[in-house]
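Student: Protein chains in written order, with this note's numbering: chain A, 1 to 284; chain B, 1 to 294.
By construction, these hints were calculated from the structure, which means they are not laboratory data. Glycine included, every Cβ here is placed at the ideal spot set by N, Cα and C. Check before you lean on any hint, since a few could be wrong.
Unchecked claim - Label-pair ranges, simulated between beta-carbon atoms:
(1) Ser94(A) with Phe134(B): 47 to 57 Å
(2) Leu63(B) with Thr17(A): 30 to 40 Å
(3) Val22(A) with Arg292(B): 31 to 41 Å
(4) Glu291(B) with Trp192(A): 51 to 61 Å
(5) Ala242(A) with Leu60(B): 31 to 41 Å
(6) Leu60(B) with Met25(A): 48 to 58 Å
(7) Trp69(A) with His208(B): 50 to 60 Å
(8) Pro261(A) with Asp193(B): 36 to 46 Å
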Amino acid sequence: MRNLFTKMKGSGILIKTLLYCVLIMVAVYTLIPLVTIGMTAARSKRDVFRGPFSFPSEFRLFQNFIDAWTVGHFGLYIKNSVIITFPTVLLVVSLATLGGYAFAKISFRGRSPLFYYLLVGMMIPFQAVMIPLYFQLRDMHLLGTYWSVILTIGAFGLPFGIFMMRAFFRALPMELVDAAKIDGCSEIQAFWHVMMPLAYPAWICLIIFQSMWTWNNFLIPLLYIHEESMRPLPLGLMFYQARYTTNFSLVATGNIITILPLIILFIVLQRHFISGITMGALKQ
Amino acid sequence: MSKKHSVSRSSLTGYIMILPALVLYGVFVTYPIVQSIILSFHRWDGAAKVKQFVGGANYLQALKDPVVSLALMNNVAWAVGHILLAVLPGLIIAVVLARKLPGRVTFQTIFFLPRLFPMVVVSIVWVWIYNPVFGLINNTLRAAGLGSFTRGWLGDSQFALWATIIAGSWTYFGFCMVLFLAALQNVDQTLYDAARIDGANAVQIFIHVTVPQIRPVITLVIAYTVIDVFKVFDLIYIMTRGGPGNKTQLLATYTYRRAFRENYVGYGACIAVLLTILVLAISVVFIHYRERKV
């Protein structure tokens, strides 16, 4: 009996060691590309050709960072990304809150067909509209403006936003609204004073999800923004790496400038990030 | 009377609250979809004053276009590749991490990290890894004395497609893992205890307890993956532009090339409509399947 017990314990440790080995291998696989960027960004142009894991003859991370920032206009691209992301998120959150509340708590004729009409949008790939939208934006004199991207990304973010806010408001008890109405609130006042202050948890998820989707969007600005000085970060990085294609350390530094804020934000807000992003997929 | 009055007033409020969303959605989603369908029955270069109506000619051409069928097959390979290289490993890692091993949050953070990055960054790094001269893979092969296996992975018509699939799955398996971890938290722990008492080993528990318990989420993740893969554009556009010789071309990148690079606007719209129908069909099959299960 004692013999059996120690044997089991031994095999438990063996299995744990094995599991850790697998986990560490996967972690190395995940991190190698990132380490490659970091190692490349820290060395001189000459050293790069000896491979990212060779010993560098000089440490140039800060110099490369300054060079990339000045020749790459990354400050400008970040500014453009903020100009696009901030209004898009504001647009989606406000319209989705209004719509989500109405679909959840107010009864009106055609409520469910209209809801399903919006819901189909979650399944529509952007390619379905990409071609005629180009000419439509041109005719609306929006082509080449930030608004072309803000409104397009916003419209495609709405179905999920409304879906999520509706689910959130539905879970709140109707008695809250009824009590407010008995106290003399109108529908709008009940929404504004009673329901809105409760909506923060849902907003945080929606804001993170929509910000990520907007910040990383590539195809929509590629199609509708042509001015070099208006490019958002991913687009700017793409053209930058095409221009400095042989200067790997500068391109690597550009990559770091792009992903570092995302990594920091993620580590700080990890719990919210994961629930915001998984909700985008799980709740469909 | 007064009750009826208040109902109609509150339903008016309802309409006003959904109106902004309906307008934005109508102008930037619904209307251009209708335009896509109309455009797909025309021949147009995007500049001429008149769009020439050609009936179903674009669709007939698409059915015979070898690049369309190649792109479709590549999309299917992407879907299969992502199920094998991201969904399955994501599930296994989630099961391992669900055992509450010390350090699980660190591993979870690391595995999820690539999902945060814009595809531009992912593409650039993987282009480097595959680089024939100084890329990590060829360097490693040379160091291991396997120099004869080195090649320009992205330029090689045999390997290019799978090279892009591996890059895509690298950003995706951690995402699958997080979805599965969320699902595993809701599984009744007593089921595991019961199975263990019955003498089931880890593999048996995985197949007979874990998988059936989270089957709805597994189906959901697979459906989401298949749909997501049909929208892939950035990674191919930056890594290969569909080359070599359309070997990595996907429906989304081919649509873009036809419509915006070669100015076959009507034909591009036709492929876009086909792509949309395909995605909707997959979604409907999935929803139907799920409704039937529930």
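Student: Please go over all the hints and tell whether each is borne out by the structure.
Tutor: Right, here's what the structure says about each hint:
| no. | hint | in the structure |
| --- | --- | --- |
| 1 | Ser94(A) with Phe134(B): 47 to 57 Å | holds (49 Å) |
| 2 | Leu63(B) with Thr17(A): 30 to 40 Å | violated (56 Å) |
| 3 | Val22(A) with Arg292(B): 31 to 41 Å | holds (37 Å) |
| 4 | Glu291(B) with Trp192(A): 51 to 61 Å | violated (37 Å) |
| 5 | Ala242(A) with Leu60(B): 31 to 41 Å | holds (37 Å) |
| 6 | Leu60(B) with Met25(A): 48 to 58 Å | holds (51 Å) |
| 7 | Trp69(A) with His208(B): 50 to 60 Å | holds (56 Å) |
| 8 | Pro261(A) with Asp193(B): 36 to 46 Å | holds (45 Å) |
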